[in-house]
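**Q** Sequences listed follow chains A and B, in order. Using the numbering used here, the first residue of the first sequence is number 1076, and each one after it goes up by one. Using the numbering used here, the first residue of the second sequence is number 92, and each one after it goes up by one.
Because the hints were derived from the structure by calculation, they are not lab data. Watch out, some of these pointers could steer you wrong.
As a list, the in silico DSSO-like pairs of lysine-lysine whose alpha-carbon atoms are at most 27 Å apart [to be verified]:
#, chain 1, residue 1, chain 2, residue 2
1, B, 260, A, 1238
2, A, 1217, A, 1233
3, B, 260, A, 1222
4, B, 234, A, 1184
5, A, 1238, B, 263
6, B, 137, B, 330
7, B, 330, A, 1219
8, A, 1246, A, 1219
9, A, 1217, B, 260
10, A, 1233, A, 1191
11, A, 1238, B, 137
12, A, 1191, B, 234
13, B, 319, B, 330
14, A, 1179, A, 1169
15, A, 1168, B, 330
16, A, 1222, A, 1147
17, A, 1217, A, 1184
18, B, 234, B, 137
19, B, 116, B, 330
20, B, 263, A, 1217
21, A, 1111, A, 1246
22, B, 234, A, 1169
23, A, 1147, A, 1169
24, B, 263, B, 137
25, A, 1179, B, 234
26, A, 1100, A, 1111
27, A, 1246, A, 1272
28, A, 1111, A, 1280
Quick look at which bits of chain A chain B covers, simulated, 3 or more residues with Cβ under 8 Å [said to hold, decoys possible]:
#, region
29, 1139-1151
30, 1164-1170
31, 1190-1202
32, 1227-1241
33, 1265-1274
Quantities reported herein were computed from a predicted structural model and do not represent experimental measurements. For every residue, glycine included, the Cβ atom is placed at its ideal position computed from N, Cα and C.
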Amino acid sequence: MSRLITFGSSTTFGQALPDTWDYKKNIPISEQGPSKYAWPQLLANKLDVECINLSIPGSSNKEIWYTILNTKFKPNDKVIILWSVRPRWCIIKKSSIENIAPFKIDNHKPSEYFLKYIYDECDHFIDSCMRINYITLALRNKIKLLKHYMDHLSEFNKIPFPKWFDSNIEKVNFVNDILNIYPKAMDNQHTGEEGNKAFADILYKDL
Amino acid sequence: MSRLIAFGCSNTLGQALPDIWNFDKNKPNNDKGPSKYAWPQLLANKLDVECINNGIQGNAPKDTWWLIMNFPFKDNDIVTILWPHIFRTTFLTEPTPENNPQYYEPLWPAYYSRWQNHRQVRVWADERGGSAWSKQHSKYYIKHYQFYLDCILDLYVRADQIRYFLNEKNIKNFHALSHENITTFGHYLTDENKFHIENVDMSFMKNFLYWRYNFLDFGLDNLHPGTKTHQMIADSLHKEICQD
């Protein structure tokens, strides 16, 4: 059976959807894996393929990239990646990954310092371009299909692409076309069930 | 005529070799350009091709990657890269007359990053830098953000991307690690310690593992490779190119 393998952050994971939400504590949960209401599973159902959702809530493009580099693919796999424009980063250590993100700045000095003194929009953009392009090159001839999407395409396009960037980013703007239109999930931040269905429909048509 | 295009740091520039040394002040004179005794020129002589030495003192792997990705290559070029120290990094900011007057290319690497209101020269491996302020920031960066695996992976992937990029243009490219890299993470390169990343194959990277023990001589600063060592690098790369 062919497989749909997806990578991304909380949007791909399906954070705060009914099966990834603790109703007693009113907080998201991720221990039991990604949501069956998230767009990857809905798309896999439509395509009648197995769904392997390898997204990680809160991850940076660097962590998404590293996860892809460490994944064993099969020639029939279809791979969809939902990259992010958020100013997140991570440090890859021997036995762990330390995340750097705006949502951690209150109690994580490296995150605070990074965003205050190190983060640069241009540098971050080029870094993302490098990682997206590398995945295109590394997976070429290894899988059946590879599609790149960006969660906030208009933000990503603000800086001109380097001339060597030759990966195709699909023309779907998740924030404008989905997040801002459909009802939110339980945390009132992420996309709810309807938005996930709509995104799966768009991707299905794309495929 | 085909060209040898070399990239790297001071070890490629030929820092502290006799023709770019200020004997009066006993310090390097890098303004004089790359040395004719440096390995790129010696290798070009052996191959009987024109030499373009893009070695820049203090370059990080990221600078080197960016320069290569934006370099105007021609058919028949031969590219050689002596990858700089993994513990250096730089930040690519949009050039402005203020931070980067000498360059006009869009998104050319500015050797300055934004540290508060300051403009900071790159993060140095050994916490150097022009001022106490930059030492402090390099120190913080090194402590909190630089870890072996992350830095090695960064270098490997940039090198691998260049290999793909140049192979697609049918440009021959040869990659080697500088002696600092061998000293810093040589033990990670041995078979028993080699980390496995499923979709990254770095077997094309040349490891001069004997560098650590066979630094034949030193330059006039007693720090950089001397003329004999540069000859050794040129010979090793020549052998590699001829075998290809």
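**Q** Any of the earlier hints contradicted here, and which numbers?
**A** Per hint list: 2, 7, 11, 15, 17, 18, 19, 33 violated.
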